[in-house]
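Trainee: Chain B: place on chain F using the hints.
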Amino acid sequence: MVYLTRKVEFSASHLYHNPAFSPEENRRIFGKCNNPHGHGHNYILEVTVAGEPDPRTGMVLDLKELKDILQREVLDRMDHRFLNYEVPELAGKIPTTETIAMTIWQLLEPRINNLGHRGQGRLHRVRLYETPDLFVDCTGKGA
Amino acid sequence: MKVVLHRRYRFSASHRLHQPGWTPEENLRVYGKCANEYGHGHNYVLDVAVTGPVDPATGMVTNLADLDAFIERQVLAEFDHVYLNEQVPAFRSLVPTAENICRVLFDRLRAYPHARLQAIGLEETGSNSFEYAGESRENT
Numbered sequence: 001m002v003y004l005t006r007k008v009e010f011s012a013s014h015l016y017h018n019p020a021f022s023p024e025e026n027r028r029i030f031g032k033c034n035n036p037h038g039h040g041h042n043y044i045l046e047v048t049v050a051g052e053p054d055p056r057t058g059m060v061l062d063l064k065e066l067k068d069i070l071q072r073e074v075l076d077r078m079d080h081r082f083l084n085y086e087v088p089e090l091a092g093k094i095p096t097t098e099t100i101a102m103t104i105w106q107l108l109e110p111r112i113n114n115l116g117h118r119g120q121g122r123l124h125r126v127r128l129y130e131t132p133d134l135f136v137d138c139t140g141k142g143a
Numbered sequence: 001m002k003v004v005l006h007r008r009y010r011f012s013a014s015h016r017l018h019q020p021g022w023t024p025e026e027n028l029r030v031y032g033k034c035a036n037e038y039g040h041g042h043n044y045v046l047d048v049a050v051t052g053p054v055d056p057a058t059g060m061v062t063n064l065a066d067l068d069a070f071i072e073r074q075v076l077a078e079f080d081h082v083y084l085n086e087q088v089p090a091f092r093s094l095v096p097t098a099e100n101i102c103r104v105l106f107d108r109l110r111a112y113p114h115a116r117l118q119a120i121g122l123e124e125t126g127s128n129s130f131e132y133a134g135e136s137r138e139n140t
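Top to bottom, those sequences are chains F and B.
Those letters in the first sequence? Residues 1 to 143, per the numbering used here, in order.
Those letters in the second sequence? Residues 1 to 140, per the numbering used here, in order.
So here's chain B without its partners, still in its complex pose:
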């Protein structure tokens, strides 16, 4: 039997979808109101799914205190209440769509030492959600 533990976290951040190499008209055509030059924000919900053997001494795949501290350090401290384009270095040269945020977060979280990262989910709004499990087949 395979056991996957999911834990949900929240952060609120602003972003702007804009490619500096494109004209304002192209940006507006592709990104619509998300290209607004002053940015806009979302309440993001991050679902972190980890897997591994359940330790019989604790009944756990991983101790939630360890996972919470790791997510706080790796994600929330840097992503919560910031302007992603300007304040998260990864997005200075990468458009912070939810897809790209997923890839950046997955790469950060795969270093979690106490269980294997299975996948992440990201809800940008109640209507838009994304899942990413890395590019290799190891997580399928």
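Here chain F stands alone, though its shape is the one from the complex:
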């Protein structure tokens, strides 16, 4: 098995607020992330695909395909957006690093795992950095 990782960056703003909580609870639980005007990060996304290289091409999957999938599913949706208001998949959710990483996993898995003759890889891990000191890994159930 070979693990292939591609990295992309996007910049986005967000805020943490749960309307079911009182204003005081929101401030206590979410701290400065509760600022109603939002704030932003430079996110770094690392997507790892696991698979056996195709003996004819030597590739786990066509990197151009992976690049296009990341562009379409992640960058077009999230880059330079306010995540709470402009990304339908995050509507009504708290866009923490955990939530964004899980959403990205759900967007990517059906695309990467169903490339047919263009790649036999399986999505193995989504790693999302919010800052250099905070990141989240999502893996499949068996990992």
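There may be inaccurate statements among the hints.
[Claimed, not checked] Simulated pairs of lysine to any residue, SDA-like, Cα-Cα distance not exceeding 20 Å:
{"id": "1", "chain 1": "F", "residue 1": "LYS32", "chain 2": "F", "residue 2": "ALA20"}
{"id": "2", "chain 1": "B", "residue 1": "LYS2", "chain 2": "F", "residue 2": "GLU130"}
{"id": "3", "chain 1": "F", "residue 1": "LYS32", "chain 2": "B", "residue 2": "ALA69"}
{"id": "4", "chain 1": "B", "residue 1": "LYS2", "chain 2": "F", "residue 2": "LEU107"}
{"id": "5", "chain 1": "F", "residue 1": "LYS93", "chain 2": "B", "residue 2": "PRO53"}
No wet-lab data here; the hints were simulated from the structure.
Source: prediction; values computed, not measured.
Mentor: Frame of chain F, contents of chain B only:
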């Protein structure tokens, strides 16, 4: 889907690698310049990885304010800017290699009440890093 949150912390500390039961020559042969009797220091980077269900009300595995406060209490308050051999009781009888520091820290951090400790990582320098996930299979 499994979600693991990683948070990195920093502390600077000095140590000396030395076994009191060995001769100076043996210590020098095994530990090289790390056996220097006055010690030396590093900027350590600690990666704490915790896992658990994501609470739909908060979107979090754990609140970072809770994790930060716990690490401050359990690690940074005692490990930052100290001489590990003399000032951390665990290392009075245990050589403070990065491997042993990992084990001591993992045992302290597994008591975190708000999520399950998955593993820790420790960078001693930009070239040396270590990972430890405990001895049982529960964390694999």
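Trainee: Hint by hint, note whether the structure agrees.
Mentor: Each hint tested on the structure:
A distance of roughly 18 Å separates the Cα atoms of F:LYS32 and F:ALA20; the hinted pair therefore holds under the 20 Å criterion. A distance of roughly 18 Å separates the Cα atoms of B:LYS2 and F:GLU130; the hinted pair therefore holds under the 20 Å criterion. Taking the CA atoms of F:LYS32 and B:ALA69, the gap is near 16 Å; set against the 20 Å cutoff, the hint holds. For the suggested pair B:LYS2 and F:LEU107, the alpha carbons sit about 16 Å apart, so the restraint of at most 20 Å is met.
With a C-alpha separation of about 15 Å, the suggested pairing of F:LYS93 with B:PRO53 holds against the 20 Å cut-off.
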